[in-house]
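*Asks:* Chain by chain, the residues:
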Amino acid sequence: MISTQIRDALVVTAGTELSEQTLAGMTETALENVRSNGVRTVIFELSALRVLDRAEFREIRALQQMIRMLGGSSVLVGLRPGIVMYLVEFDEDLSGIRAFQTLEDALDALALRA
Amino acid sequence: MPLRTPIAEILAKFQIEPADLSRVRAAGEVLRAELPAHIGSFYDWMEQHREYKLYFADHPSRLARVKEMQMSHWHTFFDAELDERWFAARRHVGGVHAHIDLPHDIYFAGMSMSGKSLVDRLRRGASDIADANETANSLIKLVFLDTFVVIEEISRIQKEKIAASSKTLLEMSTPVTPIWEGILLLPLIGIIDSERTQDVMTKTLDRIAETRAKVFVLDISGVAAMDTAVANQLIKITKATQLMGCETIISGVSPAIARTLVELGVNIGEVRTTSTLRDSFELALRAVGVDRGLLGTNGPAKS
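Protein chains in written order, with our numbering: chain A, 1 to 114; chain B, 1001 to 1303.
Warning: the hint list may mix true and false statements.
Short, incomplete list of chain A residues facing chain B, as computed with Cβ under 10 Å [said to hold, decoys possible]:
id : residue
1  : 38
2  : 80
3  : 91
4  : 95
5  : 98
6  : 101
7  : 104
8  : 106
9  : 107
10 : 110
11 : 111
12 : 112
Cβ pair distances, simulated, as ranges [said to hold, decoys possible]:
id : chain 1 : residue 1 : chain 2 : residue 2 : range
13 : A       : 38        : B       : 1222      : 44 to 54 Å
14 : B       : 1283      : A       : 58        : 48 to 58 Å
15 : B       : 1167      : A       : 92        : 27 to 37 Å
16 : B       : 1289      : A       : 73        : 35 to 45 Å
Far from chain B, by Cβ distances over 12 Å, these chain A residues were calculated [unchecked claim]:
id : residue
17 : 36
18 : 47
19 : 102
Hints are computed from structural coordinates only; laboratory data are not their basis. Cβ coordinates follow ideal geometry from the N, Cα and C atoms, glycine included.
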């Protein structure tokens, strides 16, 4: 897990899979930065992710909720077709998710590009 | 191709016993000599049907070849050795007939004619054969079995052809096309079932990943019927594209479909829908940031 701050956004990049440890690290980094470093938007960059099961997806959803409670917002970037189809097929709750194909698109939409 | 049913089981089903086979072999002693005459009368009969003209009129050499094959077919028939080779030979006949798309009726009619012709010849030579009636029954049973194996192969091949072509049709029926920088269009036409919506989902998501499209216009004006299941599938597709960062706009919603959806209580959520493709396209262009002014002023009159 790598995180980079761009102005008031934090890009959190995940690897090929989400381990328990990665998820814990993501949670801590995201929440800590929203609380004390002036981060308003957390961008979860998941394009390297090959698999994502429902439990892991719910963890991300929970993390998104925590960020919202701290007054921030979050978006998902780079989900692969296979993962998307799996989540939709199992009727996961997808309401209110903002998502983008590429980091570039996300930065554009959030008006963060120079 | 291996047999699906063991030979013994098929023979039991057709009530063909060793006694039948030996009676057929005995009948062969008499009837083999009659085969040229039988085949002659078969083609006299065949000539009255349009299939004869269709398959043989311009191919005299084909006719000779077919007669020869038919001759050897009846010889193996009277050998009555119902082994794998016997079945394989019948299936080969089926393959040939499937290849030329021979209608079932003419094949059945031909076998019926042949059976009758052979039994008639048997009766005429009855004095030379012990229990001619029993023999006639055995002959007929074997003719039916023979016909069954051929027809089964024909219909197996036809089913294969149909399955292959419906697969092609499915491929052709999901043309997810980029129509503008960042915009994909899919006009859905015909009947939508779960297999097709699955296909639509896969193709669309792959295309979005490939083209990085921001807007996906799904035009359903050509969809024949809409029910809850189909509507829910379409909504699933819109949710999926959303996760890929691509907004779906459904166009071509007819008054009838709008009514059905509301009456069925389908919750279309935040999906944007328009009645015309034109409106969807305009929304799509705006979403990818094309200035309305650049598009000219040939829009709908305002006054």
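*Asks:* Against this structure, judge whether each hint is valid.
*Replies:* Structure-based check of all given hints:
Hint status for residue 38 (chain A) relative to chain B: violated, with the closest Cβ pair at about 26 Å, above 10 Å. A least Cβ separation of about 7 Å between residue 80 (chain A) and chain B falls short of the 10 Å threshold, and the interface hint therefore holds. Restraint check, residue 91 (chain A) versus chain B: the minimum CB separation of about 8 Å is within 10 Å; hint holds. Proximity of residue 95 (chain A) to chain B holds as hinted, the smallest CB-CB distance being about 8 Å (cut-off 10 Å).
Here the hint on residue 98 (chain A) is kept, as its CB sits about 8 Å from the closest CB of chain B, short of 10 Å. For residue 101 (chain A), the shortest C-beta to C-beta distance to chain B is roughly 4 Å, which falls under 10 Å, so the interface hint holds. A cut of 10 Å between beta carbons decides the hint on residue 104 (chain A): the least distance to chain B is about 9 Å, and the hint holds. Interface restraint check for residue 106 (chain A): the shortest CB-CB distance to chain B comes to about 8 Å, inside 10 Å, so the restraint holds.
The interface hint given for residue 107 (chain A) is violated, since its Cβ lies 12 Å from the closest Cβ of chain B, which is over the 10 Å cut-off. Using the Cβ-Cβ criterion of 10 Å, the hint placing residue 110 (chain A) at the interface with chain B is not satisfied: the shortest such distance is roughly 12 Å. Using the Cβ-Cβ criterion of 10 Å, the hint placing residue 111 (chain A) at the interface with chain B is not satisfied: the shortest such distance is roughly 13 Å. Proximity of residue 112 (chain A) to chain B is violated relative to the hint, the smallest CB-CB distance being about 15 Å (cut-off 10 Å).
Restraint check, residue 38 (chain A) to residue 1222 (chain B): a C-beta distance of roughly 52 Å satisfies the suggested window 44 to 54 Å. Separation of residue 1283 (chain B) from residue 58 (chain A) is about 33 Å and departs from the stated range, judged on CB atoms against 48 to 58 Å. About 30 Å separates the C-beta atoms of residue 1167 (chain B) and residue 92 (chain A), a value consistent with the hinted range of 27 to 37 Å. Range check, residue 1289 (chain B) to residue 73 (chain A): about 22 Å between beta-carbon atoms, so the 35 to 45 Å window is missed.
The Cβ of residue 36 (chain A) sits about 29 Å from the closest Cβ of chain B, beyond the 12 Å cut-off, so the non-interface label holds. Residue placement check: residue 47 (chain A) does not keep its beta carbon more than 12 Å from all beta carbons of chain B (closest about 10 Å). For residue 102 (chain A), the condition that its CB be more than 12 Å from all CB atoms of chain B is violated, with the nearest at approximately 6 Å.
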